[in-house]
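If you want the building blocks of each chain, they are given just below.
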Amino acid sequence: MSRSSDLAIRTRGLRKVFGGKVAVRNLTLDVPRGEVFGFLGPNGAGKSTSVKMLLGLVFSTSGEAQILGRPVGDVKTRRQIGFLPEHFRFYDWLTPTELLKLHARLYGMSHAKLRERIPLLLDQVGLTPHRDKRLRDFSKGMLQRIGLAQALLNEPDLIFLDEPTSGLDPVGRRLVRDIIKAQRDRGATVLLNSHLLGEVEVTCDRVAFIKDGEVIETHELNLEIEEQTTISIRAANVTAETANALSQWSPSVRTEGERLTLSLSSGAVVPEIVRYLVAHGVNVYAVTPQRPSLEERFLEIVGTDGGL
Amino acid sequence: MGVWIMAGVTLREAARKKMLWMALAAGGAFLILFGTGLHFQAKDFAAHGISPVLRREISFTMVTVGLYAVDLLAVLMTILTSIDTLSGEIASGTIQAIATKPLPRWQLLLGKWFGFCGMLTAYIAIMVGGVNVETYAIAGVTARHLIHGLSLMWMESVVLLSVTFAFATYFSTLTTGVLTLGLHGLAFLGGWIEQFGAITQTQSAVTVGVIASVLMPSEALWRRAAFEMQSPLANAMRISPFSSLSVPSTAMVLYAALYLVVALMIAIRHFSRRDL
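Taken in sequence, the protein lines are chains P and R.
Position in the first sequence counted from 1, then plus 7, gives you the working numbering.
Position in the second sequence counted from 1, then plus 397, gives you the working numbering.
Rather than coming from a laboratory, the hints here were simulated on the basis of the structure.
None of these values were measured; they are calculated from a predicted model.
The beta-carbon is built from N, C-alpha and C at its ideal position, and this holds for glycine as well.
Incorrect hints may appear among the rest.
Cβ pair distances, simulated, as ranges [unchecked claim]:
{"#": "1", "chain 1": "P", "residue 1": "Arg-86", "chain 2": "R", "residue 2": "Leu-473", "range": "22 to 30 Å"}
{"#": "2", "chain 1": "R", "residue 1": "Met-398", "chain 2": "P", "residue 2": "Pro-39", "range": "31 to 39 Å"}
{"#": "3", "chain 1": "P", "residue 1": "Gly-148", "chain 2": "R", "residue 2": "Gly-425", "range": "58 to 66 Å"}
{"#": "4", "chain 1": "R", "residue 1": "Thr-572", "chain 2": "P", "residue 2": "Lys-188", "range": "24 to 32 Å"}
{"#": "5", "chain 1": "R", "residue 1": "Ser-646", "chain 2": "P", "residue 2": "Gly-115", "range": "45 to 53 Å"}
{"#": "6", "chain 1": "R", "residue 1": "Ser-646", "chain 2": "P", "residue 2": "Asp-139", "range": "30 to 38 Å"}
{"#": "7", "chain 1": "R", "residue 1": "Tyr-567", "chain 2": "P", "residue 2": "Val-209", "range": "21 to 29 Å"}
{"#": "8", "chain 1": "R", "residue 1": "Met-398", "chain 2": "P", "residue 2": "Gly-148", "range": "55 to 63 Å"}
{"#": "9", "chain 1": "P", "residue 1": "Ser-69", "chain 2": "R", "residue 2": "Ala-426", "range": "34 to 42 Å"}
{"#": "10", "chain 1": "R", "residue 1": "Tyr-567", "chain 2": "P", "residue 2": "Gly-51", "range": "19 to 27 Å"}
{"#": "11", "chain 1": "R", "residue 1": "Met-398", "chain 2": "P", "residue 2": "Asp-139", "range": "26 to 34 Å"}
{"#": "12", "chain 1": "P", "residue 1": "Arg-143", "chain 2": "R", "residue 2": "Thr-572", "range": "41 to 49 Å"}
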């Protein structure tokens with residue numbers, strides 16, 4: 008069990024009721040520091056409300072939550088937090104440079120730091136050529152990019168990204184993925200709230216499926232092959248004898264054309280299997296760990312009606 | 398520190414969005430109109446050989462007329478420029494990027510409040526100053542107890558600003574505007590009922606006016622300001638529609654100060670506790 012200090016986010020029985028409507032029923036969550044954590048769920052599952060509670064924008068009805076080891080709402084802790092709201096909007100009479108300067112001053116950043124960070128971030132999100140334009144002349148995607156820059160301004164330890172790729176073209180989406188990866192490499196924790204399952208799958212270490220304001224399941228995405236139980240091998244020249252011999256490693260061997268599917272108790276035996284196949288004249292083209300796609304799991308959990 | 402950053406942003410917003418410049422342009426147009434009227438009036442006085450005492454009293458009344466118009470403009474500007482700053486930003490989500498920064502919410506709200514106070518102070522000072530410069534240059538008179546009257550007019554705007562902020566933490570932009578203007582309208586009507594009650598010596602009408610001022614003391618502050626700035630003769634003779642026959646007391650001014658502080662405290666308290 009993780010100690011509180013190792014966790015970037017820790018919630019216990021967090022609940023939010025708006026009037027008579029339960030938005031978040033019982034959110035219990037541990038997100039270790041340094042992890043890219045995905046929040047998945049159908050519309051109205053309580054994802055955005057949960058994020059807002061963690062940021063202190065919305066007050067919980069009951070339960071408790073800690074961010075970076077401090078209670079939610081602690082003003083000093085906010086120096087270490089970055090946040091990109093869904094559909095980022097800001098004073099449209101500002102230029103991107105002015106917007107970042109304002110946010111840097113609110114973070115209490117020094118002028119020297121501000122002068123160093125602002126051009127860097129504008130460059131990172133591809134807005135350097137537009138730095139003197141007013142935000143009112145920005146497209147949705149450009150607003151999302153400047154929103155992302157302000158979320159990274161203070162080199163935060165914990166970053167909340169609420170639908171960060173909303174309004175972005177494929178180049179922009181790639182940019183977001185690269186930025187998230189860079190943040191993870193820096194040691195930051197990222198909480199990613201996104202509807203795009205493919206994006207979550209390639210970006211996150213772990214995801215939580217949320218339905219009706221409750222975490223239904225958490226799912227590891229960065230499992231190494233050692234933990235996989237099924238692998239698929241694309242190979243040619245597999246004789247029936249060679250295929251049968253694979254039963255020494257796998258209780259279930261299925262052959263379909265050039266594809267072998269093996270259930271393994273441990274992924275550690277994969278090199279041994281490959282060596283055996285090559286030694287018996289088999290041409291091995293690919294070894295792929297099998298796991299149900301996030302989309303399949305998502306549909307299993309929330310149903311095909313998307314929870315509506 | 399966060400308070401002054403937000404105050405600065407609010408002032409810059411007013412300047413960038415041209416609202417301050419448009420209000421000043423409208424005020425400038427009013428001053429030109431007022432000065433033109435004064436000029437022709439002064440020429441007419443000279444042509445008809447009106448006595449200096451009467452000329453002076455009419456000029457004093459003209460000062461009050463000018464200041465009354467400025468007061469009306471200041472009231473409208475206060476409400477119309479500030480109704481959207483909180484409720485609008487809450488509704489659009491703009492406030493989320495600021496409210497998650499390391500500054501307590503009370504600093505965010507107070508910073509905006511100070512920003513608007515700065516804008517209103519500049520506007521009222523320029524407009525009241527403009528009216529008095531014109532009347533002094535053309536007719537040789539200025540308002541009596543100018544600073545005192547100016548302070549009361551400023552306080553009226555700040556009371557309305559604080560009430561607007563308090564409502565804006567609860568309601569949408571439109572509802573906030575309707576409520577604040579409605580409350581000020583109530584005080585305005587109450588003030589006239591009180592005046593007529595004083596003329597006809599109907600105590601119950603005066604009481605209705607006082608109750609309206611308790612509910613919203615903005616209009617009472619203007620009537621006190623008019624009393625302070627009007628000539629003693631005009632006040633005594635009740636020759637001007639702007640003379641206060643039932644003058645709001647010092648206690649009412651102190652009550653208005655308390656009202657302002659309470660409205661601001663309600664705004665801060667509710668804004669700090671509400672969901673954004």
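Against the structure, the hints come out as follows:
no., hint, in the structure
1, P:Arg-86 / R:Leu-473: 22 to 30 Å, "violated, 41 Å"
2, R:Met-398 / P:Pro-39: 31 to 39 Å, "holds, 34 Å"
3, P:Gly-148 / R:Gly-425: 58 to 66 Å, "violated, 42 Å"
4, R:Thr-572 / P:Lys-188: 24 to 32 Å, "violated, 46 Å"
5, R:Ser-646 / P:Gly-115: 45 to 53 Å, "holds, 47 Å"
6, R:Ser-646 / P:Asp-139: 30 to 38 Å, "violated, 56 Å"
7, R:Tyr-567 / P:Val-209: 21 to 29 Å, "violated, 44 Å"
8, R:Met-398 / P:Gly-148: 55 to 63 Å, "violated, 34 Å"
9, P:Ser-69 / R:Ala-426: 34 to 42 Å, "violated, 58 Å"
10, R:Tyr-567 / P:Gly-51: 19 to 27 Å, "holds, 26 Å"
11, R:Met-398 / P:Asp-139: 26 to 34 Å, "holds, 27 Å"
12, P:Arg-143 / R:Thr-572: 41 to 49 Å, "violated, 27 Å"
Taken one by one, the earlier hints fail for this structure at numbers 1, 3, 4, 6, 7, 8, 9, 12, listed in ascending order.
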